[in-house]
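Residue numbers (my numbering), protein chains in the order written: chain W, 1 to 55; chain D, 1 to 221.
You may find that some hints are simply not true.
Pairs of lysine to aspartate or glutamate residues, derived as DMTMM-like cross-links and limited to a Cα-Cα distance of at most 20 Å, are as follows [unchecked claim]:
#	chain 1	residue 1	chain 2	residue 2
1	W	K10	D	E28
2	W	K39	D	E216
3	D	K207	W	E42
4	W	K35	D	E216
5	W	K39	D	E210
6	D	K69	D	E79
7	D	K207	D	E105
8	D	K69	D	E132
9	W	K35	D	E209
10	W	K35	D	E79
11	W	K39	D	E209
12	D	K207	W	E38
13	W	K35	D	E134
14	W	K39	D	E211
15	D	K207	D	E28
16	W	K54	D	E216
17	W	K35	D	E211
18	W	K35	D	E210
19	W	K39	D	E213
Negatives, chain D to chain W, calculated, CB over 10 Å [what the hints assert, rightly or not]:
#	residue
20	V8
21	V16
22	F20
23	I64
24	L112
25	L118
26	V142
27	I160
28	L182
Chain D stretches covered by chain W per the calculated footprint, using a threshold of three residues with CB under 8 Å from any CB of chain W [stated by the list, open to error]:
#	region
29	23-32
30	205-211
If you are wondering where the hints come from, they were derived from the structure by calculation, not from laboratory data.
Ideal placement from N, C-alpha and C gives every residue a C-beta, glycine not left out.
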Amino acid sequence: MMPSLEVALKSIVAAYSVIFAGVFVFVWLMFGRQKNLEKRLEQLRDDVRQTQSKP
Amino acid sequence: MKRQTLAVLSLVMIPVALYFAIIYAPTEATMGHIQRILYFHVPQAVLSYTSAIILGLASLMYLIKGDLKWDRLAYCSAELGVLFTATTLVSGMIWARPVWNTWWEWDTRLTLQLMLGLLFVGYHMLRSYLPEREKRARLSTVFGFLAMLDVPINYLSTRIQEQHHPVVLGPGGGGMEPSMQLALLISMIAFGILYAYLLAQRIAIAKVEEEVEYMEQVVHA
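Throw the hints in and build the complete structure from the sequences for me.
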């Protein structure tokens, strides 16, 4: 079955948008996680340094 | 290849792939313009299979070598598997609605693709319930093997049994015009580079995750 040009164009835009949105959300979550982890790692390193400097 | 290079390459290649899919490729005779969804849908499906194969092989390597770097590769590719299985299913459903007049058909290929997605999700669910690192890595390999097993069955399903899902590429496929093949190839290369970048970046983050886990143990000890 051949859909009308309007339906076809809407479907193409929807399908491509879903793919790009999926990749964008994945990348966004990944970098958000990286930022939080780096912050946490720095905090943990400070804790270790403080523990070691205590007599 | 450096991660930044892969990121830049994928940023360049995706618009090129868009140009080839929308402008360069000719309109298909029977389906019309809607067939252009295929140029992005097929790479998503191929990358979901790639994730399953990497997951299965990395799980196997972990069981043989016992090195946690294989487990790291396995769970990073499984995460990408969730993404690419989801985009395959949704882009396929958007194509199916006007062509088949339904969003979903329970034919073997679609069901196996859904199962592959559920296996990736199940893999992560199982891992989240197991706090011990080694045990987590060992037990989750079962899901890795099941995901890898899904790939050949999924590929052969449309060739063995008559189904709604069209067969275009490979033996028994309807074939494509050379210009359409080129558009699909460029899209595959673009998404392949994007996949390599995402996997490399995710592995780098996984290393930081493991370092944080280790440091937490040191601090709390």
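- Task: Would you pick out the hints that fail for this structure and give their numbers low to high?
- Result: 7, 13 and 15
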